[in-house]
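Engineer: Since chain A is already given, all that's left is putting chain B on it; use the hints.
Chains A and B, in that order, give the protein sequences. UniProt numbering applies: residue 1 is where the first sequence begins, and numbers increase by one. UniProt numbering applies: residue 1 is where the second sequence begins, and numbers increase by one.
Derived by calculation from the structure, the hints in this document are not laboratory data. Any given hint might turn out to be false.
Listed next, the in silico DSS-like pairs over lysine-lysine satisfying Cα-Cα at most 25 angstroms (straight line) [claimed, not checked]:
1) K474(A) <-> K874(A)
2) K324(A) <-> K162(B)
3) K28(B) <-> K46(B)
4) K412(A) <-> K175(A)
5) K448(A) <-> K160(B)
6) K324(A) <-> K160(B)
7) K95(B) <-> K56(B)
8) K846(A) <-> K367(A)
9) K95(B) <-> K28(B)
Stretches of chain B that chain A covers, calculated by requiring three or more beta carbons in the stretch to come under 8 angstroms of a beta carbon on chain A [what the hints assert, rightly or not]:
10) 45-57
11) 96-108
12) 150-161
Nothing here was measured: the structure is a model prediction, and the numbers come from that model. Note that beta-carbon positions come from the ideal geometry of N, C-alpha and C, so glycine has one too.
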Amino acid sequence: MTSDGDKWWADVSSGDAGYQYQYSRLATEEMESDPLRGDRAPQFCNPSYQALSDNKLPIPFEPRDQAHGGTCRGPPPPTSASSSKIATAVYHRKGSQNGHPDRLNSLSSDDDMIDITTTGTVSERAMLEEELAAASHITTESDEIPGIGQYEDFHTIDWQRDIARDRMRHRYIIKKKQNSICDLIRGAHDAWSGWVCVLLVGLFTGAVAGVIDIGASWMTDLKYGICPQAFWLNQEQCCWSSNETDFEVGSCSQWLTWPEVFGLSREGSGPYVLSYLLYVLWALLFAALAACLVRMFAPYACGSGIPEIKTILSGFIIRGYLGKWTLIIKSVGIMLSVSAGLNLGKEGPMVHIACCIGNILSYLFPKYGRNEAKKREILSAAAAAGVSVAFGAPIGGVLFSLEEVSYYFPLKTLWRSFFCALVAAFILRSINPFGNEHSVLFYVEYSKDWIFFELVPFIGLGVIGGVIATIFIKANLWWCRYRKVSRLGQYPVSEVLIVSLVTAVIAYPNPYTRMSTSQLIYLLFSQCGVANSDPLCDYNRNFTDVNSAIETAAAGPGVYNALWLLSLALIFKLVGTIFTFGIKVPCGLFIPSLCLGAIVGRFVGIGMEQLAYNYPHIWVFSGECSTGDNCITPGLYAMVGAAAVLGGVTRMTVSLVVIMFELTGGVRYIVPLMAAAMASKWVGDALGRQGIYDAHINLNGYPFLDSKEEFEHTSLAADVMQPKRNEPLSVITQDSMTVDDVAALLKETEHNGFPVVVSRESQYLVGFVLRRDLNLAIANAKRLNEGITGQSLVVFVSPNASGDGGESSMGARRPAPLILKKILDMAPITMTDQTPMETVVDMFRKLGLRQTLVTHNGRLLGVITKKDVLRHIKQMDNEDPNSVLFN
Amino acid sequence: MNALLGVVFLLFAAVPCIQGQYEDARCKCICPNPSVVNATTESNRKHYIGNVPPNKCNCDSVVLAKVGDLIKGKEQEFCPRCECKYESRNTTTIKVVVIIVVWAVSLLVVYMLFLVCLEPLISGRTGKSYQEHVDEDESHQMTTTQQGGVLDRVGHQQDKWKRQVREQRRNIYDRHTMLN
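Just chain A, with the same shape it has in the complex (with noise of 0.2 angstroms):
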């Protein structure tokens, strides 16, 4: 039949005007399918052929249909006597189907073509596609069912019937434009909506990114003082024009400590003693309100929410989760956590808000905001915006999004994330939160190139960077699981203000883990120039020229007590992380992770900076260490170790080293980020298999379906299909249930969607039908329509053909029948049972699938959901698979 098939094929490609339906409706469907080229609309799948092939004489268009984005793609609407051609179709869209669908019922269905060829002339085809137009007017402005179209919450959504929808809607807008000057500007906004969206969203996200970065920093410098004459200026800003020359950074007479608020003075022990108090107190206190913040008004602000962002852009339904009150909490909960000290990071949350802003504005536009698919279009921009500011890395962000966090990333989204992280990041650079500059505070510049032997220390730093991530990730996991099935999981607040005592009590007495991160790891990135006086930069040398290069010199004792208060540091942020990442507070892991990554390679980079001055000459050097200019540069071994961590962690590559790069404003350190990348990369993928927001996605039993991760298994279809062997399939046959019995079937079964078919005997395939659509609809006709009774019919088909059998079977005694035409989708994607469960796993990935049939000999056999891959994988891979939660 295969080979029967083709030849159908090539008749079709011979290009007769008849066949010319039958043969776009298939194209349509090939490429409507994949949601990867989802650009190229094929505009001629034109609904007058297929009315025509219907009743072979031109009727009006059914308005209904038109509702319905996936209508024209989908087999001519059955009536009763077409119930054969049915099959047919659906043996013709799987060109490689065994089954057996008799040859005489394929003959007469392209017979029927051929009729359509004789009677669809070109004046009635015009005439047919201005009724369509009047219909299609009807469709959208009224009769749409409330709710249709949405999806419950903890749902997956149907990409294919989303981006089917929505190209219904630009075509009506389409062929709406020529009438008046109203409408073509209403197309005309139709056509922009998307980039102003995102230009509004990158304007957005700037502004709140500037507002958290003022504010976070404020407010961390309110643990140790207050500038009383401005007090909404930082310790920096507070000393930014004093008169003093004391080189003591940002102490200056305007800028009083508590205790001499309190009237005692700067320097002694009872003042240390009250500053430790003070600053313990305000830690808690930060990290109590942000912790009652978010347990009070919005629960979903906790933690980094790239897992949950990664979830949703791959297609799942988590109602309030980039709300308005997730924003407002988010935003004040992660300043308040970070300025409590703790072992976080802004940079995660600031993608969650950004996605947040993203969706709220998304509702401006109905183009996105009444569109799931459409809408994570707008939301992967939006996360491309939020790595802009939370890194001023407005490139970096683009391709973070690509990498990390974006599902279905077509070059149109690509374009405008990139829009929207340029105008993000003009934003945040005007707002100049740090004065500095630049939208981050530890961005740095390097005067020296990096000699190749350095490539091996560098690779070094991505191994132990790999090592690190593995045990923090390891760590991390089997922290958050004992929270999640132990008591320590029903005290949210109080394990907050336990790890937030513990952080500050422990963090004060270390000069480099009392001062916030970020600041740590901008002295961790800098050089030791003029301007640094920090220890770390002790070294026996004097500045002569700040024009001429920094000389060799050999470390001070300076140094090396600053290496020992480091490596505490270093302990400190590991295992501080590990319980800190998963707390109930908003909280990120980029900064604790760079953290430790620029502790570590710091310590290298000085251990090669000193066998450099101690021996200049050896070969490894290759000369340019012998000239008494300083040839290593240990911040850009912080830099490296930095990204090395980071990229360990999160399994990032691509983003990782341009972001990097992005913060030193050079390009000719990508080599060296690369290599330490790509061997953290290895490391971790050796030593642990996921990154850690695939872990948390996996811990928390998300329905997502990684795109990274191939299925090499040979289970077939028949396997993971539901129901099992000798269980039955709950199916709705198309015209002869009442609207009792389906009632009753929506209440014994929890399936999502349920399958249509001619009749129970025959299980030929009709369409599918959502759960929640049918309860939406049925309930609306209850309301509406008072005609409808339990003992209504719930039909699946056409009216008037419906009518014709409902008569003549049913006699006319029976209430009048419920039509469901428009909710049902008449292009379910169907598989065989022997389909390979590779390629079914291939198709739920790039199609973006909720669900396909299972046929069997061209009758419907079972279905295989989302969630049914994601169990078969599990179960594959020795896992649990029950964890999968979700639908």
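Structural biologist: Same frame as chain A, now just chain B:
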């Protein structure tokens, strides 16, 4: 914790707002101790801040104006050791942002305290019956057609929101199905 916040506000209120020397641009020079020219080995550094136009942000116009007599005759030796940087900021933005943040935090805290302490007393007498959970968008569409005053609508919205938050809390804190 509220008391502490109150103390902070009192403190802010008591502080006179002096805007005197908070300019929006500065030239900051970091130099060694001026005694370095006399071959002593003091390593501590000094910084000098001047309010000069960007093109005059250098050692000559900022540092020498202040310590010129200390290093007389040795300017050529001292000045190359100074690093000068022109920086700008916007105090108005900072002021507005910080005040907004303080307001936002305090409003949220007050609202939170209201919901925790007073709400149970008030809602005890109205005693609203449990409404079946409906989806956000659906119920939104349905509320558009409702009659009744603004207060009713606000109350309805608030109830809906509270129900959602309760649901979220149950997911996260009780069932641990999310965000762990």
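Engineer: Hints first: check each against the structure and report whether it holds.
Structural biologist: Each hint tested on the structure:
1. K474(A) <-> K874(A): holds (19 angstroms)
2. K324(A) <-> K162(B): holds (14 angstroms)
3. K28(B) <-> K46(B): Given pair K28(B), K46(B) holds - Cα atoms ~10 angstroms apart, limit 25 angstroms.
4. K412(A) <-> K175(A): Satisfied, since the Cα-Cα distance of roughly 23 angstroms is no more than 25 angstroms.
5. K448(A) <-> K160(B): violated (60 angstroms)
6. K324(A) <-> K160(B): With a Cα-Cα distance of about 14 angstroms, the restraint between K324(A) and K160(B) holds, given a limit of 25 angstroms.
7. K95(B) <-> K56(B): Violated, at about 28 angstroms.
8. K846(A) <-> K367(A): holds (23 angstroms)
9. K95(B) <-> K28(B): holds (22 angstroms)
10. 45-57: The restraint on the region 45-57 of chain B holds, since 6 of its residues have a Cβ under 8 angstroms from chain A and three suffice.
11. 96-108: holds (count 8)
12. 150-161: With 1 residues closer than 8 angstroms to chain A, the region 150-161 of chain B misses the three-residue bar; violated.
When each numbered hint is compared with the structure, violations occur for hints 5, 7 and 12.
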